[in-house]
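J.: Starting from the given sequences, assemble the full structure and let the hints guide the process.
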Amino acid sequence: MSTGDTFLPRRTAQQPTLPPPVRLPPSLAGDPSLPYPAIGTELHELRLQIPGVQGSVLGGVDGLLITHDVPDGLDPDDLAAMAAATFGLGRQVSLRLGQGEFRQSTVRNEAGYFAVYAVGPRALLSVVGADAINVARLHLHAPPVAERLAKLLAPA
Amino acid sequence: MANLDTALKDAMTIDGAIGAALVDYTSGMTLGVAGGTPEIDLSVAAAGNTDVVRAKMRTIEMLKLNDDIEDMLITLGGQYHIIRPLTGPNGKGLFLYLMLSKTRSNLALARHQLRTIEEQLEL
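Chains as they are written, first to last, in the working numbering: chain A, 1 to 156; chain B, 1 to 123.
Calculated from the structure, these hints are not laboratory results. A few of these clues could be false.
What follows is a set of in silico ranges between Cβ atoms, one per label pair, in the way DEER data are often shown [stated by the list, open to error]:
| # | chain 1 | residue 1 | chain 2 | residue 2 | range |
| --- | --- | --- | --- | --- | --- |
| 1 | B | Ile60 | A | Ala111 | 21 to 27 Å |
| 2 | A | Ala130 | B | Asn66 | 22 to 28 Å |
| 3 | B | Met72 | A | Leu24 | 52 to 58 Å |
So the derived list for chain A, only partly shown, Cβ under 10 Å to chain B, looks like this [to be verified]:
| # | residue |
| --- | --- |
| 4 | Ala29 |
| 5 | Asp131 |
| 6 | Ala132 |
| 7 | Ile133 |
| 8 | Ala136 |
| 9 | Arg137 |
| 10 | His141 |
All C-beta atoms in this analysis are idealised placements derived from N, C-alpha and C, irrespective of residue type, glycine included.
T.: Structure, rendered in structure tokens:
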């Protein structure tokens, strides 16, 4: 039997029904209209007020650095990216458990802490702390800082 | 032997007690709280007093006294605050924190009772 006897249905290209592309807001990183001096003061104050805070970084949820207050030896771009990765995991956990918006995540290592706080829906405050840090005090102090930072970012 | 909840409840039966907490001074977090008032947040008190305990321990170490804190008394205008680090094998890194009203309490008795509670506390 030759193949010419059978008529196979002809495949025609179908227009896929894709959802409309998500319109993401522009990244906060590199936005010149942000009040950088005020943000810098907040980050600097955090380091002064809580002994053991080695540095803090404000980054977007996209993992891009907005501004930072970290000493030499810590890479702020890396920290902003790791904060976004932490946020990603936290958000997935929250979505699965139905627990609402991501608020905070702490990683404790043998020799220190890395804490990430949500700053509004679009930014993250990450803090690197020594092992000796009073982490309860950080958890009491940082959320109001994050709230003030969210207000500073809001008009942008 | 008393567990954490019983110990905190016992601490609140001390005359003049306003609030009590068991605090981990490596992190400043509370393991348990009892009492307190709407104005007094015991977790804030715990985090703040963690720095007090750490500072005193560091000072003792710097002075090479080779000794431990039995308890600490902080006298306010209207309150006494007693801090008592735990001595048991499971109590390492923890302290009991008790707030007392100055007018309604007997300091010597309260200190004695807190020692008993601390000795009987089993985690």
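J.: A separate judgement is required for each hint: does it hold in the structure or not?
T.: Status of the hints after comparison with the structure:
1. B/Ile60 x A/Ala111: 21 to 27 Å: holds, 24 Å
2. A/Ala130 x B/Asn66: 22 to 28 Å: holds, 26 Å
3. B/Met72 x A/Leu24: 52 to 58 Å: holds, 54 Å
4. Ala29: Check failed: Cβ of alanine 29 of chain A comes no nearer than 33 Å to chain B, outside 10 Å.
5. Asp131: holds, 9 Å
6. Ala132: holds, 8 Å
7. Ile133: Cβ of isoleucine 133 of chain A sits 8 Å from chain B, so the hint holds.
8. Ala136: Holds, about 3 Å.
9. Arg137: Where the cut-off is 10 Å and the nearest Cβ of chain B is about 4 Å from arginine 137 of chain A, the hint holds.
10. His141: Because about 9 Å separates histidine 141 of chain A from the closest Cβ in chain B, which is inside the 10 Å limit, the hint holds.
Checked against the numbered hints above, the structure violates only hint 4.
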